[in-house]
Amino acid sequence: MAQPFAVAGLKGDRKLTERRNGSRWRFRQPSVLPGFGLSLGITLSWLVLIVLIPLSGLVFRASGLGWSDFVALTLDPRTLNALKISFGTAFLAAVINLIFGVILAWVLVRYRFPGKRVIDAMVDLPFALPTAVAGIALTTLYAPNGWIGQVIEPLGLKVAFTPAGIVVALIFVGLPFVVRTVQPIMEEIDKEVEEAAATLGASRFQTISRVLLPGLMPAGLTGFALAFARGVGEYGSVIFIAGNLPYVSEIAPLLIVIRLEEFNYAAATAIAAVMLAISFAMLLFINSIQAWSRRRYVYVA
Amino acid sequence: MDVRVHNIRKEFGRFPALDDVSLDIRSGELIALLGPSGSGKTTLLRLVAGLESPTGGTIFFGDEDASQKTVQQRNIGFVFQHYALFRHMTVLDNVAFGLKVRPGHRRPPAAEIRKRALDLLELVQLSGLDKRYPAQLSGGQRQRVALARAMAVEPNVLLLDEPFGALDAQVRKELRKWLREIHDRTGHTTIFVTHDQEEALELADRVVVMSKGAIEQVGTPDEIYDHPVSPFVYGFIGQSNCLAVTLQNGEIWFEDRPIGLRAPAEPDGPANLHFRPHDIELIDGCGGCLAGLVTASRRVAGTRHLELDLGRTHPPVEIELPPERAAAGDHSRIAFRPTKWKLFRDGERQAVVAEAKSESSPIEMQEPTLVAQAS
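Taken in order, these protein sequences are the chains called A and B.
Residues in the first sequence are numbered consecutively from 3, following my numbering.
Residues in the second sequence are numbered consecutively from 7, following my numbering.
Think of the hints as simulated: they come from the structure by calculation, not from any bench.
No experiment lies behind these values; they were computed from the predicted model shown.
Hints may contain errors.
Said to hold, decoys possible - Example chain A residues on the side facing chain B (calculated, C-beta under 10 Å, incomplete): (1) V73; (2) T76; (3) P79; (4) D126; (5) E194; (6) V195; (7) T201; (8) G203; (9) R212.
Glycine included, each C-beta is placed from N, C-alpha and C at the ideal position.
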């Protein structure tokens, strides 16, 4: 292939072309479809513009703080509590979403019943609804005088204006992630695999726990990671239902906003940087579990 | 273990997939269910397995009524066409699965499970691949894992659904021979489904030919090929020709002349003459024969296939000849006479005539009936 990159005319693409001609790097040989250079160029520029520059700006500001200032700001008890609440509730919500998301996906994939299409469409609603609306609606329901609140209040359960409320809101916004990642994989599972397990004497429970669920693990983890990440960053729905008591139900994103409103940019930056670091570490961890489990059974048709 | 299928019916919705099927399978037999798609062969296999439940009828394993048992209780081994291996488990774990899921009191100790799985992998010639995942195996290897997995539970009966359907021709041939060896060594009662007659005839002790949800014929490969009992079996197994003829005073007439074949005991009337392309003799000077113009000529391995046009609306007839005898080119006239043939009457039209030959249900003679044969 003398001319593997058919597109080289665009200015933004020149750098790539030059680098290739310098030929210290070997790009993967593209397929018969041209446009590898162009599309990679666009992708990288886009990522830099949208993701990398803002994030590096954050890191840059944070590093301007100086180490001791930074440590002092992060170890502030209010900050620590906010981070704990943010990550704790997001984790809990993602776990609950994983369990019920898998069940919901199962029902949608495996059974036929009237209204199935409607339910299927409803799963996406949390994507579309403004999160503030969701937050207000949930608060109204779970407030001590709300429909659900007045039922569970006598039982000693308080949801609105407590961390439990945060979890409820995060479950709402994170639900579609698990369902939508697990669903297509579930559709791929051959009925024969279940039948094979049955012929070998496995009970229904053994079939599910030993055959079906392990096969869904990579997809489930992806959904979990997405729901978790979304939960950590969620702001709109939470602030209405959380009550926002410092040390008790104040989430980190809200604390950042509070600090900004106090013109305390340093503290806001520090919290943001810590959140970024923790999120990155957790996503990296989840991704490596995924890569490990996926390597074991590449799907072969 | 003996398997007896008793008057089994299966309907999907209102569509009957199996209609009153009975079949006796002796212990240790290797049985092929052969038929075109939609003939009900896979349904029958799945009914024996317990993956479907019959609309009516019973299935016995030995003397026990198995129809009321669940799949899990029947203790069968089932090999699926697309293997259905568990892809998150190693080959060894796949094979050991059936033993590992047994309830505590019936489960062998872990070390023994492992040993049995390894032994089975040796039997299917996959030693050394025990730590691989299914995705890392070829199609033929996966099929062998599937077989080892099915045999691990010491099944009452081994059921294989189109076991070689997804493999290429070369691997298929090898596995076929190999399956026969395994069967001879382990002696499991085995039923396999196939639409490939070559596979069925080569591999099985007995072949069950099925069509439209009913059994057409059960017999050894020789019986099935040499003595087909119905036009369907004649047409489905091997090559065959079918000509509309007339019977007159015990002689068979084609169009307006006798062809030199006799069926003395038969009453007059129309019938269908079946014969195989290689069961013919060429005749010089036609005084009672079939004759046609050669319209096509193909060399297939050791023989030459000629297609003859017998005129009018008759379908073309195919005959096979040694190449040196077929030297004559296109559009020459060839005269021949079948040496082995069978005469069937179209049951629906000729129910009354056929009645003379048939002892059962004279009025409702739906199936075409064999009326004469020669070999």
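Results for each hint:
At its closest, the beta carbon of A:V73 sits 44 Å from a beta carbon of chain B; the interface hint therefore is violated under the 10 Å criterion. Interface hint at A:T76: violated, since its Cβ lies 41 Å from the closest Cβ of chain B, which is beyond the 10 Å cut-off. Annotation: A:P79 was flagged as interfacial toward chain B, and the flag is violated, the nearest CB pair being 45 Å apart, outside 10 Å. Hint status for A:D126: violated, given a least beta-carbon distance of 29 Å to chain B, over 10 Å.
The interface hint given for A:E194 holds, since its Cβ lies 4 Å from the closest Cβ of chain B, which is under the 10 Å cut-off. Interface restraint check: A:V195 against chain B, minimum CB-CB distance 5 Å, threshold 10 Å, status holds. Because the beta carbon of A:T201 sits about 4 Å from the nearest beta carbon in chain B, less than 10 Å, this interface hint is met. Nearest Cβ of chain B to the Cβ of A:G203: about 5 Å, under the 10 Å cut. The hint holds.
The restraint placing A:R212 at the interface with chain B holds, with a minimum CB-CB distance near 7 Å, inside the 10 Å limit.
Comparing the model with each numbered hint stated earlier shows that hints 1, 2, 3, 4 do not hold.
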